[in-house]
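Novice: The chain contents come next:
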Amino acid sequence: MGLEQFKNRNVGTQEYRVLDLQESPKTPMAKFVQVAKRTFKGELFVGLGVTVREMFNALFRGQMHTVKYPLEKLPISPRYRAIHEMLRLLESGHYRCIGCGLCEKICISNCITMETRYDENQRKEVSEYTINFGRCIFCGYCAEVCPELAIVHGPRYETASEQRASFSLFEDMLTPIDKLSLQQEYDGFGSVSPNADENIKKTPLAY
Amino acid sequence: METTTLIGQLPEVTAAGVAIKAILILAIISAIAGFGTYLERKVLAFMQRRLGPTHVGPYGLLQIAADGIKLFTKEDIVPQHANSLIFKVAPVITAATAFIALAGVPVFPDFTIPEFVPVLGGTFVPSIASDVNVGILFVIGMMAAGLYGPLLAGMAQANKWGIIGAARTAIQFLSYEVVTGLSLLAPIMLVGSLSLIDFNEAQSGGFTSWFIWQQPVAFVLFLIAGFAETNRTPFDLLEHEAEVISGYATEYSGMRWGMFFIGEYANMITISILAAVVFLGGYNDFGFIAGWIMILLKVAFFFFLMLWVRAAWPHVRPDQLMWLCWKVLMPIAVINVVVTGIVMMV
Ligand code: SF4
Ligand code: SF4
Chain A
1 MGLEQFKNRN VGTQEYRVLD LQESPKTPMA KFVQVAKRTF KGELFVGLGV TVREMFNALF
61 RGQMHTVKYP LEKLPISPRY RAIHEMLRLL ESGHYRCIGC GLCEKICISN CITMETRYDE
121 NQRKEVSEYT INFGRCIFCG YCAEVCPELA IVHGPRYETA SEQRASFSLF EDMLTPIDKL
181 SLQQEYDGFG SVSPNADENI KKTPLAY
Chain B
1 METTTLIGQL PEVTAAGVAI KAILILAIIS AIAGFGTYLE RKVLAFMQRR LGPTHVGPYG
61 LLQIAADGIK LFTKEDIVPQ HANSLIFKVA PVITAATAFI ALAGVPVFPD FTIPEFVPVL
121 GGTFVPSIAS DVNVGILFVI GMMAAGLYGP LLAGMAQANK WGIIGAARTA IQFLSYEVVT
181 GLSLLAPIML VGSLSLIDFN EAQSGGFTSW FIWQQPVAFV LFLIAGFAET NRTPFDLLEH
241 EAEVISGYAT EYSGMRWGMF FIGEYANMIT ISILAAVVFL GGYNDFGFIA GWIMILLKVA
301 FFFFLMLWVR AAWPHVRPDQ LMWLCWKVLM PIAVINVVVT GIVMMV
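So the protein lines, in turn, are chains A and B. Residue numbers for the first sequence follow our numbering, beginning at 1 and rising by one. Residue numbers for the second sequence follow our numbering, beginning at 1 and rising by one.
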């Protein structure tokens, strides 16, 4: 199953049909005629046919719809906003976050807490970074505002846990250093849109 | 006449044989009724492209055992304002009448217990527990009496959904019972007997002698009335969840609720057997297929039909059911009886 059907929000292009609803009969005779027509038209058997056809489709043509959830999972849209991930730079392996504080500032439920300091090279270093997932509403503003594509929303939607602290520390969200080669550039929420080039305009100077 | 000669050929039916038969029916039909719930869930699931129960046992087969454990160990609640005696008796009425009705229909082939079995060796176990000469009347009457279960249960439980369920029981009972009787009247006229064995004999001439060819209208009417009798989907007014929560069974829990359902499934089996014996040639041999396999196949077909219809069709309103039974089916049934009579006279 592809992702197209999840991405298509354009209602107008989907196949909608207006049902051919007739007026309900008024006179007793018209009612009788309708009942007789419906009785002998065999519509009931069409219904039986549909159900048994679906049964054969499901059993023998692999059209069973059930997803055995913990064993099988449906793909989710890349724009799904689940637990955050902090990405690393691919070349150096250093975390991407530059400690600008924009995400902390924009977060509308005030759940990002961060502290920064200068390291020995006078570069900014993130010393504390936590997200309080008890308050996060998964709005995605933090991912959108981040200038470095450092914080993104990952696809991890199974968030049942004994302690919510299991997710919320910087180290938990950061890509593990040994899994750096597996780090995927996230094309979902917070990433550059695919047609970003077209959207770039010259800065108008004549304000 | 034929009946007496037939029974004359067979070994004598003793009280022990009937008792064994009764125990067999109780044990096996309750088990099949349990298995029926599994089948129903599976078939309905497949028709909706779902899997149904899969996790308990292979293919979910042990789901029945899990359900049984649940039903038996659940707390037995009697609501505070309910009439507790009637509340407790009502499920028993449904289950008991369903099994009593099964006493009058042929279930499983007859056999003789081999001689080497101690005590019971040589006992002949009949196919019908009690071959009363008004067989059909007895079965239909017993199934009709079974409707007292939902009626009393609904009224005794001090619950508005229960009351509505009970009222609907009365409506349904008043509607379909006429049709059942009248639709069966035409085949009864043809056979000239009420005994199910006579029905079976009358259709022993192979495929073409089945009564469905002579009495197609009566067959359809009986089937419709049978669905109403077992309160299956197009007519499941008594306990339609979307409208009356669970109708007469709203306040029931545990095994009392389970008894209603064993009764319902036993009734489904009874109606299937009746339809098979009266209209589809009963347990006569069919070509090379033995008679007892034939009746199993036919019963299985009717059982499947009930599940199939449940998956496919919406259910009707109570007023529509009354309209259908009194204004459409009953006149057709009467005309059918009159036409049958005229054809027989000419
Ligand atoms: S998703 Fe929204 S609420 Fe959650 S941390 Fe980001 S900005 Fe805050
Ligand atoms: S907006 Fe991005 S770079 Fe700035 S502090 Fe937040 S995560 Fe780090």
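Note that these hints are calculated values from the structure, not bench results. Take these hints with a grain of salt, some might be off.
Straight-line C-alpha distance at most 27 Å; calculated BS3-like pairs for lysine-lysine [said to hold, decoys possible]:
no., chain 1, residue 1, chain 2, residue 2
1, B, Lys-160, B, Lys-74
2, B, Lys-88, B, Lys-74
3, B, Lys-70, B, Lys-88
4, A, Lys-26, A, Lys-37
5, A, Lys-37, A, Lys-124
6, B, Lys-42, B, Lys-70
7, A, Lys-26, B, Lys-327
8, A, Lys-73, B, Lys-42
9, B, Lys-74, A, Lys-31
10, A, Lys-41, A, Lys-26
11, A, Lys-73, A, Lys-179
12, B, Lys-160, B, Lys-42
13, A, Lys-41, B, Lys-327
14, A, Lys-31, A, Lys-41
15, A, Lys-68, B, Lys-327
16, A, Lys-124, A, Lys-105
17, A, Lys-37, B, Lys-327
18, B, Lys-88, B, Lys-42
19, B, Lys-88, A, Lys-68
Here are a few chain B residues that sit away from chain A, every Cβ distance over 10 Å (derived from the structure) [claimed, not checked]:
no., residue
20, Tyr-38
21, Val-43
22, Phe-46
23, Ile-188
24, Asp-236
25, Phe-301
26, Pro-318
27, Val-328
No residue lacks a Cβ here, since even glycine has one placed at the ideal position from N, Cα and C.
Novice: Now, for every hint given, state plainly whether the structure supports it.
Specialist: How the hints compare with the structure:
no.: 1; hint: Lys-160/B x Lys-74/B; result: holds, 24 Å
no.: 2; hint: Lys-88/B x Lys-74/B; result: holds, 15 Å
no.: 3; hint: Lys-70/B x Lys-88/B; result: holds, 19 Å
no.: 4; hint: Lys-26/A x Lys-37/A; result: holds, 16 Å
no.: 5; hint: Lys-37/A x Lys-124/A; result: violated, 81 Å
no.: 6; hint: Lys-42/B x Lys-70/B; result: holds, 19 Å
no.: 7; hint: Lys-26/A x Lys-327/B; result: holds, 19 Å
no.: 8; hint: Lys-73/A x Lys-42/B; result: holds, 23 Å
no.: 9; hint: Lys-74/B x Lys-31/A; result: violated, 50 Å
no.: 10; hint: Lys-41/A x Lys-26/A; result: holds, 21 Å
no.: 11; hint: Lys-73/A x Lys-179/A; result: holds, 23 Å
no.: 12; hint: Lys-160/B x Lys-42/B; result: violated, 32 Å
no.: 13; hint: Lys-41/A x Lys-327/B; result: holds, 20 Å
no.: 14; hint: Lys-31/A x Lys-41/A; result: holds, 15 Å
no.: 15; hint: Lys-68/A x Lys-327/B; result: violated, 49 Å
no.: 16; hint: Lys-124/A x Lys-105/A; result: holds, 17 Å
no.: 17; hint: Lys-37/A x Lys-327/B; result: holds, 17 Å
no.: 18; hint: Lys-88/B x Lys-42/B; result: violated, 31 Å
no.: 19; hint: Lys-88/B x Lys-68/A; result: violated, 41 Å
no.: 20; hint: Tyr-38; result: holds, 16 Å
no.: 21; hint: Val-43; result: violated, 8 Å
no.: 22; hint: Phe-46; result: violated, 5 Å
no.: 23; hint: Ile-188; result: holds, 26 Å
no.: 24; hint: Asp-236; result: holds, 16 Å
no.: 25; hint: Phe-301; result: holds, 13 Å
no.: 26; hint: Pro-318; result: holds, 17 Å
no.: 27; hint: Val-328; result: violated, 8 Å
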